[in-house]
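Taken in order, these protein sequences are the chains called G and V. Heads up: the first sequence runs through residues 1 to 449, numbered per the numbering used here. Heads up: the second sequence runs through residues 1 to 449, numbered per the numbering used here.
Think of the hints as simulated: they come from the structure by calculation, not from any bench. The beta-carbon is built from N, C-alpha and C at its ideal position, and this holds for glycine as well. Warning: the hint list may mix true and false statements.
Stated by the list, open to error - Derived contacts from chain G toward chain V, CB cut-off under 7 angstroms, selection only:
| # | residue |
| --- | --- |
| 1 | C44 |
| 2 | A332 |
| 3 | I399 |
Claimed, not checked - Computed Cβ-Cβ distance ranges for the label pairs, DEER-style:
| # | chain 1 | residue 1 | chain 2 | residue 2 | range |
| --- | --- | --- | --- | --- | --- |
| 4 | G | L311 | V | P112 | 30 to 38 angstroms |
| 5 | V | E64 | G | P175 | 53 to 61 angstroms |
| 6 | G | K27 | V | G363 | 49 to 57 angstroms |
| 7 | G | L311 | V | K379 | 19 to 27 angstroms |
Number of protein chains: 2
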Amino acid sequence: MKEVDALIVGGGPAAIITAVTARQNYKDAKIAVVRPEKYVIIPCGIPYIFGTLHSVEKDKIPDEVLIKKGIDLIKDYVDDVDLEGHVATLRSGEKIKYKKLVLATGSKPSVPPIPGVDKKNIFPVTKNPDNLEAMLEVSKKAKDIVVIGGGFIGVEFADELVKNGSNVSIVELLPHLLQLSFDDEFCEMAEERLKDAGVKIFTGRKVVEIQGDDSVSAVKLDDGTVLKADMVVLATGAKPNVDLAKKIGLKIGVSGAIEVDEYLKTSHPDVFAVGDCAEKRCFFTRDPRPVMLASIATAEARVAGANLFELKVVRQIKGTVGIFATYVNGLALGAAGMIERRAKEINLDYVIGTSQTVDKHPGCLPNASKVFTKVITSKQGQYILGAQIAGGTTAGEIINLLGFAIQNNMTACELANLQIGTHPLLTPAPTVPASLSAALNAIQNIEKE
Amino acid sequence: MKEVDALIVGGGPAAIITAVTARQNYKDAKIAVVRPEKYVIIPCGIPYIFGTLHSVEKDKIPDEVLIKKGIDLIKDYVDDVDLEGHVATLRSGEKIKYKKLVLATGSKPSVPPIPGVDKKNIFPVTKNPDNLEAMLEVSKKAKDIVVIGGGFIGVEFADELVKNGSNVSIVELLPHLLQLSFDDEFCEMAEERLKDAGVKIFTGRKVVEIQGDDSVSAVKLDDGTVLKADMVVLATGAKPNVDLAKKIGLKIGVSGAIEVDEYLKTSHPDVFAVGDCAEKRCFFTRDPRPVMLASIATAEARVAGANLFELKVVRQIKGTVGIFATYVNGLALGAAGMIERRAKEINLDYVIGTSQTVDKHPGCLPNASKVFTKVITSKQGQYILGAQIAGGTTAGEIINLLGFAIQNNMTACELANLQIGTHPLLTPAPTVPASLSAALNAIQNIEKE
Chain G
1 MKEVDALIVG GGPAAIITAV TARQNYKDAK IAVVRPEKYV IIPCGIPYIF GTLHSVEKDK
61 IPDEVLIKKG IDLIKDYVDD VDLEGHVATL RSGEKIKYKK LVLATGSKPS VPPIPGVDKK
121 NIFPVTKNPD NLEAMLEVSK KAKDIVVIGG GFIGVEFADE LVKNGSNVSI VELLPHLLQL
181 SFDDEFCEMA EERLKDAGVK IFTGRKVVEI QGDDSVSAVK LDDGTVLKAD MVVLATGAKP
241 NVDLAKKIGL KIGVSGAIEV DEYLKTSHPD VFAVGDCAEK RCFFTRDPRP VMLASIATAE
301 ARVAGANLFE LKVVRQIKGT VGIFATYVNG LALGAAGMIE RRAKEINLDY VIGTSQTVDK
361 HPGCLPNASK VFTKVITSKQ GQYILGAQIA GGTTAGEIIN LLGFAIQNNM TACELANLQI
421 GTHPLLTPAP TVPASLSAAL NAIQNIEKE
Chain V
1 MKEVDALIVG GGPAAIITAV TARQNYKDAK IAVVRPEKYV IIPCGIPYIF GTLHSVEKDK
61 IPDEVLIKKG IDLIKDYVDD VDLEGHVATL RSGEKIKYKK LVLATGSKPS VPPIPGVDKK
121 NIFPVTKNPD NLEAMLEVSK KAKDIVVIGG GFIGVEFADE LVKNGSNVSI VELLPHLLQL
181 SFDDEFCEMA EERLKDAGVK IFTGRKVVEI QGDDSVSAVK LDDGTVLKAD MVVLATGAKP
241 NVDLAKKIGL KIGVSGAIEV DEYLKTSHPD VFAVGDCAEK RCFFTRDPRP VMLASIATAE
301 ARVAGANLFE LKVVRQIKGT VGIFATYVNG LALGAAGMIE RRAKEINLDY VIGTSQTVDK
361 HPGCLPNASK VFTKVITSKQ GQYILGAQIA GGTTAGEIIN LLGFAIQNNM TACELANLQI
421 GTHPLLTPAP TVPASLSAAL NAIQNIEKE
């Protein structure tokens, strides 16, 4: 029987970074990764296959990242695990003995129970290259496309698909696109950009039926609107893939994901879980939160990989701060931590700060974009709890910088005191930095109260 | 006699942000700014006047930023101050009584004692709009331009001037361009880009003579090379403008700048100094350091403005972390804190970490740039002491994020643990983030030792 030190189930970024980090920390460990896919997709790159890359394979993570580190890659399914005996059984019948097992089994698309959802040319968004290749072929010929679901994936799909000249509509149940991640004013900026790109937006609307014979021909909304469609993208979220975890008796948390501690250890001492299949807890409330992001998955993987064989207490995940970024027809948007809508929901005593600047200086330089920033601070102590940004392409790193401030438990004063670097072509002016100005405004706002 | 609460001497970013911050913190204070210039220039934008903006006025900071906040703007010189009587005398003869005085008198170009340096069409880089307008006119017709000095300003001038089709050379005394701010490998990347742009580089060379009759005609180097020149830019650094401070008896520090404490107070309790004229102390060694950056000036101004009439101990400058960014022919470069060359000079026990990634993912996306990052950590405790980056336009904000880590006294482990957000079009892949990967490498490197 094959014997390894670490057996990692899954092939995505969580699996890869657990394996690579384990190799960095434990030079001589025997590490194996088991996954069925012919190749692995960069998950956040999926929408960009359809309007920019025009190829599924261009969005792959090369297997060499594992192979060149001496990690064994096995293309198969893990069908069962004997936790007591530390033995995994593959679909091929092969058995592998392990010391530590890591589940990085990811997520599965949530398919809503809409009548007609099983017709041809209706595609849930999966990470499977075969499915994506089929989807790409259909998208190339599609004249009328309806995207159901207005979160990140739905918005990015709509923004990309419209570039091919298709007639694209997006339908969202909530009053705004991106509503779970941003406050209204930022959602509205994204909606504006998507409209400018030619996408038809139907918010506050439910899909009641998908029509057609064998293939989809139209999508019917709850107000009677019928949208012609020869392709439908189901961007209706995902749920943790815990099939194997359940089968082998690991504890599942209240959110439906695998329960893990700060080191990503499951209810069994020799089994870890990382990424979309592992439960996350809110950085602030410690409640379970359904955040599924490759960037969180890799952060967890770096912690799990370091702690796999010996506890490095300095490496822990102390609650998940969701940090998101997206790009809609030339507008970059980012959010980190708490948004105002959620602050209200959980009855948080908060103060807002906002700022507006330009991402180059002087603002008349070519390709300069306006940058809007909003921070949410606690009223007591004025800790930075959340930040949102809309601007040019540097907004994706500015939101990371504000995410750092949240994770470092910085106050608005501490943030306002920070020294920064600036450059005419790369950043806003030193007089109105995007990273500090909203915090300065929050300080003023609390003094007014 | 006119009476004000705060009198600010100077017109640049340090003066403006002191005034604006004072207004935010002290709503009813009477604030006046005195400066002679017809308008104020964005200092870091100066090189971009010459190859991108083609206009001096486009690089101005509008006076409205003061006026709309109810700040009195007086276009004059402050010739003398009676510190005991709290009275300033302007060149017009007007006297102004103040409660607090702020010196934001900036810097003056250092003109090297080269024979012939007084000839026509030789321009030190000043912030005076009249001088810049004269310089712009000459640059439009110049065929052969020599830039003396290979720091940020020199490199940016060369990169801009060559865009107009002029034959541009740059001469630097040290072995590399940008050598005071970057380690060799980053300097070499900048040199490569500048060469690609068509600039001729002469490093390790001293200018011994500037030739010509009335006007400059050539520049002679110490190896006998003679460079034809109908225009010379003197980018040979600057020194604090402390003329007024000396005249009125304020204490001058060993570096030649006005001595200040953590609140930017001078040796007189009612006088503050901010920006290039105020002494800076190294964040690490606390030694005086000649850093002149608008971003540091504004950070100081935000602290001085908040503390002007009442001490807010939460707002201090606890040492200056120089954070720089520049852009050379498509390559953005940034540095924060310690570089390796200086770490060696001061006999620091350090560990290096490096990483290489791409600023989009997958890396085949249009306009993706490679990103190189280097961090310097202390060996004991592995605190992040310095960072350097070269990459695409987001590098300017990534270096700010690493500058945050330095100012928050973060260790490599803490940095490696941080959660980030990623997006295909905005950031590197979550598997190889520019902000964390060099820290992870530093952790590995110390374990190897």
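These are the hints, each one checked on the structure:
This hint holds: C44 (chain G) has a C-beta 5 angstroms from the nearest C-beta of chain V, less than the 7 angstroms allowed. At its closest, the beta carbon of A332 (chain G) sits 6 angstroms from a beta carbon of chain V; the interface hint therefore holds under the 7 angstroms criterion. The interface hint given for I399 (chain G) is met, as the beta carbon of that residue sits about 6 angstroms from the closest beta carbon of chain V, less than 7 angstroms. Restraint check, L311 (chain G) to P112 (chain V): a C-beta distance of roughly 60 angstroms breaks the suggested window 30 to 38 angstroms.
Taking 53 to 61 angstroms as the suggested C-beta distance range, the pair E64 (chain V) and P175 (chain G) does not conform, at roughly 38 angstroms. Evaluation of the 49 to 57 angstroms hint for K27 (chain G) and G363 (chain V) yields a failure: the beta carbon distance comes to about 28 angstroms. As the Cβ distance of L311 (chain G) to K379 (chain V) is approximately 23 angstroms, the hint placing it in 19 to 27 angstroms holds.
The structure does not agree with the numbered hints 4, 5 and 6 stated previously, though it agrees with the rest.
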